[in-house]
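Colleague: Chains as they are written, first to last, in numbering that gives the first Met the number 0: chain A, 0 to 101; chain B, 0 to 529; chain C, 0 to 515.
In short, the hints are calculated from the structure, not lab data.
Since this is a predicted model, take the numbers as computed values, not measurements.
Do not rely on the hints blindly, as some may be mistaken.
To be verified - The list that follows gives simulated cross-link-like pairs (lysine-lysine, BS3-like), each with its CA atoms no further than 25 Å apart:
1) K491(C) - K27(B)
2) K87(A) - K113(C)
3) K86(A) - K113(C)
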Amino acid sequence: MLSVTPQHFLILSFLLVGIGFLGLLIRRNVLLMLMSLELMLNGINVALLTFSRVGSNLDGGIFVFFIMTVAAAEVAVGLALLVALYKKRNSVLSDDMGLLKN
Amino acid sequence: MTSDALLLLGSILVPAIGSVLFFSGFAKDEGSLKKLGYLVFGFPCLAAVILFFRFDGSAGYNFEVLYDRMGLQELGITFHLGLNGVSSPLFAMAGIVGLGAGLAALHSGAERMHLYLALLALMQAGLMGLFASVDIFFYYLFHEFALIPTFIMIGLWGGRDRRSIALEITIYLTLGALISLGGLVALNILVDAPKFDFPSISAALDQSSLTDSAAFKIYGLLLLGFGILVALFPFHTWAARGYDTAPTSVSMLHAGVLKKFGLYGIIQIASPLLPEAALAWSPWLMWLALGNILLVGMVAVAQTNFKSMISYGSVMHMGYCFLGIGVCSVLGVGSTVMLMCAHGLSVSLMFLLANFVRKRSNTLEMQEIGGLGEKTPLLACFCIAATLATIGLPGFGNFWGEFGIFLSLGESHEHLIFLVLAALGIILSAVFGLRAIAQIFFGQESEELRKHAKESPIADLSRAEIIPASLILVALLFIGLWPASISDRINDEISNRYSHLQLKNTLSKPSCCPVDEDVKSIETPYSTSD
Amino acid sequence: MSMETYLNFSQDNLWGELWPELSLCLGALLVLGFDLFSKSSNAKKRAGSLAIFFQFILLAAHLFDYLLLRHTFDRESFSGMLKHGIHQDVMRSFFLLSSLLVSLLGHRYLETRKLRVGEFHHLTMIATAGLMLLCQTQHFLVFFVALETVALCFYPLVAFDRESPKSLEAGIKYLIFGALSSALLLFGIVLLYGVGSNPEAWGTTLSTVPSSDAFSFSFLYQLLSENPNHLLLRAGVVLIISGIAFKVGAAPFQIWVPDVYHGAPMPITAFLAVSSKSAGFFVLINLVNGPFAGMSEFLLPLLGFVATFTIFFGNLAACSQRNLKRMLGLSGVAHAGYLLVAVMASMLLPGESDRAVWILFFYLFTYLLASFAVFGVMGLARVTDDSEHEFSDYENLAQKKPWAAFVLVVGIGSLAGIPPFAGFIGKLLLFSVAFETKLFLSIVAMVIGVVISIYYYFGWIREICFHPRPVFEDDEAKHDPWKDVGSVGMLKPALFSLVLASIVLGLWQGPIGDAF
Numbered sequence: 000m001l002s003v004t005p006q007h008f009l010i011l012s013f014l015l016v017g018i019g020f021l022g023l024l025i026r027r028n029v030l031l032m033l034m035s036l037e038l039m040l041n042g043i044n045v046a047l048l049t050f051s052r053v054g055s056n057l058d059g060g061i062f063v064f065f066i067m068t069v070a071a072a073e074v075a076v077g078l079a080l081l082v083a084l085y086k087k088r089n090s091v092l093s094d095d096m097g098l099l100k101n
Numbered sequence: 000m001t002s003d004a005l006l007l008l009g010s011i012l013v014p015a016i017g018s019v020l021f022f023s024g025f026a027k028d029e030g031s032l033k034k035l036g037y038l039v040f041g042f043p044c045l046a047a048v049i050l051f052f053r054f055d056g057s058a059g060y061n062f063e064v065l066y067d068r069m070g071l072q073e074l075g076i077t078f079h080l081g082l083n084g085v086s087s088p089l090f091a092m093a094g095i096v097g098l099g100a101g102l103a104a105l106h107s108g109a110e111r112m113h114l115y116l117a118l119l120a121l122m123q124a125g126l127m128g129l130f131a132s133v134d135i136f137f138y139y140l141f142h143e144f145a146l147i148p149t150f151i152m153i154g155l156w157g158g159r160d161r162r163s164i165a166l167e168i169t170i171y172l173t174l175g176a177l178i179s180l181g182g183l184v185a186l187n188i189l190v191d192a193p194k195f196d197f198p199s200i201s202a203a204l205d206q207s208s209l210t211d212s213a214a215f216k217i218y219g220l221l222l223l224g225f226g227i228l229v230a231l232f233p234f235h236t237w238a239a240r241g242y243d244t245a246p247t248s249v250s251m252l253h254a255g256v257l258k259k260f261g262l263y264g265i266i267q268i269a270s271p272l273l274p275e276a277a278l279a280w281s282p283w284l285m286w287l288a289l290g291n292i293l294l295v296g297m298v299a300v301a302q303t304n305f306k307s308m309i310s311y312g313s314v315m316h317m318g319y320c321f322l323g324i325g326v327c328s329v330l331g332v333g334s335t336v337m338l339m340c341a342h343g344l345s346v347s348l349m350f351l352l353a354n355f356v357r358k359r360s361n362t363l364e365m366q367e368i369g370g371l372g373e374k375t376p377l378l379a380c381f382c383i384a385a386t387l388a389t390i391g392l393p394g395f396g397n398f399w400g401e402f403g404i405f406l407s408l409g410e411s412h413e414h415l416i417f418l419v420l421a422a423l424g425i426i427l428s429a430v431f432g433l434r435a436i437a438q439i440f441f442g443q444e445s446e447e448l449r450k451h452a453k454e455s456p457i458a459d460l461s462r463a464e465i466i467p468a469s470l471i472l473v474a475l476l477f478i479g480l481w482p483a484s485i486s487d488r489i490n491d492e493i494s495n496r497y498s499h500l501q502l503k504n505t506l507s508k509p510s511c512c513p514v515d516e517d518v519k520s521i522e523t524p525y526s527t528s529d
Numbered sequence: 000m001s002m003e004t005y006l007n008f009s010q011d012n013l014w015g016e017l018w019p020e021l022s023l024c025l026g027a028l029l030v031l032g033f034d035l036f037s038k039s040s041n042a043k044k045r046a047g048s049l050a051i052f053f054q055f056i057l058l059a060a061h062l063f064d065y066l067l068l069r070h071t072f073d074r075e076s077f078s079g080m081l082k083h084g085i086h087q088d089v090m091r092s093f094f095l096l097s098s099l100l101v102s103l104l105g106h107r108y109l110e111t112r113k114l115r116v117g118e119f120h121h122l123t124m125i126a127t128a129g130l131m132l133l134c135q136t137q138h139f140l141v142f143f144v145a146l147e148t149v150a151l152c153f154y155p156l157v158a159f160d161r162e163s164p165k166s167l168e169a170g171i172k173y174l175i176f177g178a179l180s181s182a183l184l185l186f187g188i189v190l191l192y193g194v195g196s197n198p199e200a201w202g203t204t205l206s207t208v209p210s211s212d213a214f215s216f217s218f219l220y221q222l223l224s225e226n227p228n229h230l231l232l233r234a235g236v237v238l239i240i241s242g243i244a245f246k247v248g249a250a251p252f253q254i255w256v257p258d259v260y261h262g263a264p265m266p267i268t269a270f271l272a273v274s275s276k277s278a279g280f281f282v283l284i285n286l287v288n289g290p291f292a293g294m295s296e297f298l299l300p301l302l303g304f305v306a307t308f309t310i311f312f313g314n315l316a317a318c319s320q321r322n323l324k325r326m327l328g329l330s331g332v333a334h335a336g337y338l339l340v341a342v343m344a345s346m347l348l349p350g351e352s353d354r355a356v357w358i359l360f361f362y363l364f365t366y367l368l369a370s371f372a373v374f375g376v377m378g379l380a381r382v383t384d385d386s387e388h389e390f391s392d393y394e395n396l397a398q399k400k401p402w403a404a405f406v407l408v409v410g411i412g413s414l415a416g417i418p419p420f421a422g423f424i425g426k427l428l429l430f431s432v433a434f435e436t437k438l439f440l441s442i443v444a445m446v447i448g449v450v451i452s453i454y455y456y457f458g459w460i461r462e463i464c465f466h467p468r469p470v471f472e473d474d475e476a477k478h479d480p481w482k483d484v485g486s487v488g489m490l491k492p493a494l495f496s497l498v499l500a501s502i503v504l505g506l507w508q509g510p511i512g513d514a515f
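Just chain A, same shape as in the assembly (with noise of 0.2 Å):
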């Protein structure tokens, strides 16, 4: 069996922010759009994870520490945000989020 190396993780790390960073140009409902944020955040997190093991110091876990707090409250404000905006347009989707043109 392969040994799992550092590389691994960040990879996976890569392939998450990735896969957030899509998600966030292609999905049309702002839930989701949160969602792929959330991702990438924590796709960020294991590349700091393993960096800090690799470089057997602790700075990055407790970097990590902080990006979840901030994570959290994010996510908090958005969702506060995003049902405030339920309320008034009925609709999570991006395309009905087009008042604000020239």
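Place chains B and C on chain A using the hints.
Modeller: Showing chains B and C alone in chain A's frame:
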């Protein structure tokens, strides 16, 4: 501070403070508005004329006002006012034209008069400061005082197409100003002088690392920027349309005084500091100046509107000034300064008189007027005098300027072609000037005029109208009949600044003009470097 | 671990240096509590006054502390995570002033639109505290936390008007784009950390190790100057700069600017335009002269391209806008382009880049004066929908309300860079420093940009000052936003002092001039 220096400072501050007072509605009714207007526009004129006569031609600057701590020490900017031989007559001209424009505005009956006067006074403050400023940065800054007032005044009180022309004139003025600012900043940075004014920079020039190619590029930038501001061909289109649309006082100040900013900059700053570059660019400059004279002159001939004709004519006369600058000799440049003074007075007089004509005949289309001379002989007199002055008849100041430029062109054989073609320009200006006079004042009275006269009888010049017109005319005659009053001080200053340039010019072959000994024996006001 | 080790660390924790931020947070909680526990609606209005008063006192105390008592020490604290000095103190005063003006503008805005008072001021003050902290960072962890604090406070502020779908939409857009940029930024930080934590494994060299903390700026400075060509490091640097470019509104990350400026409430648009941009630029100039200093040859052409593109895009796009807030947003993008030239010049100045930093400060200060004057007057107009400020709403303002027109014309003139206003001096300084560092292409771009900007700035002045267009009988009656503006209160002297400062600074720079 001496009393003269106080006068100098006051001639800038009084219009500025007056502008604030006008804007804040300090003068409520018409009477107090007029009184404040007389004070605000009269004081700079009086101060300028007093300082003109008190000028003693000592080297350096007279009536200096210096304040070091204006900030931006790194760029060497100080608040330094002073008049020298070149700026003193121009300063006086600015004051006189300003008073004329102010009086014209006061009696024009425009609506929202306090705003109009506020903006005009602000422009006037900038114009006085422009010529009084020794520091190069403040010279630029005072010129820019005129930008927003021009925009608003053309837009509110202008003629046809005023909304778009106001924007167009602002864009062109900004473009020219920014390009010349680039040149000035480059000069400041590359020549690391302690202060940003001519004496310091010329002193520091020898130790600086300014290469010839860099000087060439800087001079080119300055020429381009100043050229756009002075309406050098092919950047002249904005000027004529702008003056045509602008209200009378604005046209007077712009065509008469503001345009001289660029010429003054080249004469006082660019050419003396960068002589080799000036000589290198001079062929370009002179050919473009010819474009001004001939091409714009022909456009002026084609005009049927009196004010348009004057506007194009004023752009045309700038060509002569550029020719004089391009020659790069004391005679040429000195005559250009004389022409600048005289032209400022004559063109503003023409705009003023055009306004008087319009008030009487309700139109500026020359073919629709006729026989006005019978009803308004005094106005006809003034108009004929102004037109003859513009053409360059002896007796008025323009003659000495143009004659001197032609003399300087004739001094070297490579400039002969310019001499011949420029002389053709005189014919053009005679054509359109005299034709205008003939169509407006002589001949048969036209139908429209007769109809208009029935509704409102045409009167000759009133006292309120005679005063500004005669003021400017007297100044023109003063220069014309006693040119030495300004040419002496201009000569001293220019030969001082252009001493190294003149040396270079005498190395070129002399032309078909009389040999040196004959020239020296003639006692003219333009004795060069004797 | 024994007490001695902890003692070593804690001696470096100079909480006293952070007294402005801490007191601001305390004040924020105070305002929120006051609003929460007060019963009558009158007291709610007093919460706003309390916030304004508090910030004013704090600003005065801070200026007093650092100008008169001269309590500015050049030192690092918190184990090298924060840096204190004159630049940081200037930026802190700047943010306090900006926040005070936002609260002032917001006070009136909230009243007319009947929005919640306490939360607005609370969020503004917390955001300001975050901005002030952001200026002092020397460590990417503090950098990230402060940046996210600011961003998270801005998201609800942009969406503050809950009844307006435009405001909410702007909030969501800002959140999505902002979170994306944070993620990019974070990825860049992580790449740098990754290579830094184990340099040999990634093919980089590192000679001396000042500290083994791969997030700190000093460590990264060492790493990056020794390995300027390493692919992962370059990628990390580019990602971090992209994240900051988003905050600042530089192309190609400026897509959010017109939409968010359009939808956000007027005081928040001003807050975004001034504070967010200034913080981004200060951080950028610290980064490119700090840890990324070794990569100048790589960064310079990149920044040059971005700056030129930004200037052209911002100015050209602003010309075509009908809505004034969008136009101001895009003109802000153009100003970001000009400021990028200052950042580039700071990289090229030999020795100390101090002069370019002071020029950046001066330009941002003139931008603050002009922007708040403009947004202040815009906030007075009673348009039916706050987002829709058209040119025609300002028609003939010079006759309807001369003082407002005067303030607006001075503000617009200063933004356009017309003498004799302060904005011109800012541009003059930019010109001179760009000439000194031979950034000729950027100068050409700046000149073209300023000339293009005349079109839309003076187009607005045209609407304000010139005669109104003729009204035909069959036209529907247009709602005049200036008819019942009501009492303006504290705003009028504030606006006039901004205008006075703009004019005075345009002519006399006085003691500030020595710094350049």
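Colleague: Indicate, hint by hint, whether the structure satisfies it.
Modeller: Now the hints, each set against the structure:
This hinted pair checks out: K491(C) and K27(B) have alpha carbons roughly 24 Å apart, not beyond 25 Å. For the suggested pair K87(A) and K113(C), the alpha carbons sit about 18 Å apart, so the restraint of at most 25 Å is met. Pair hint K86(A) plus K113(C) holds up; C-alpha atoms about 19 Å apart against a cutoff of 25 Å.
In summary, the structure agrees with every hint in the numbered list given earlier.
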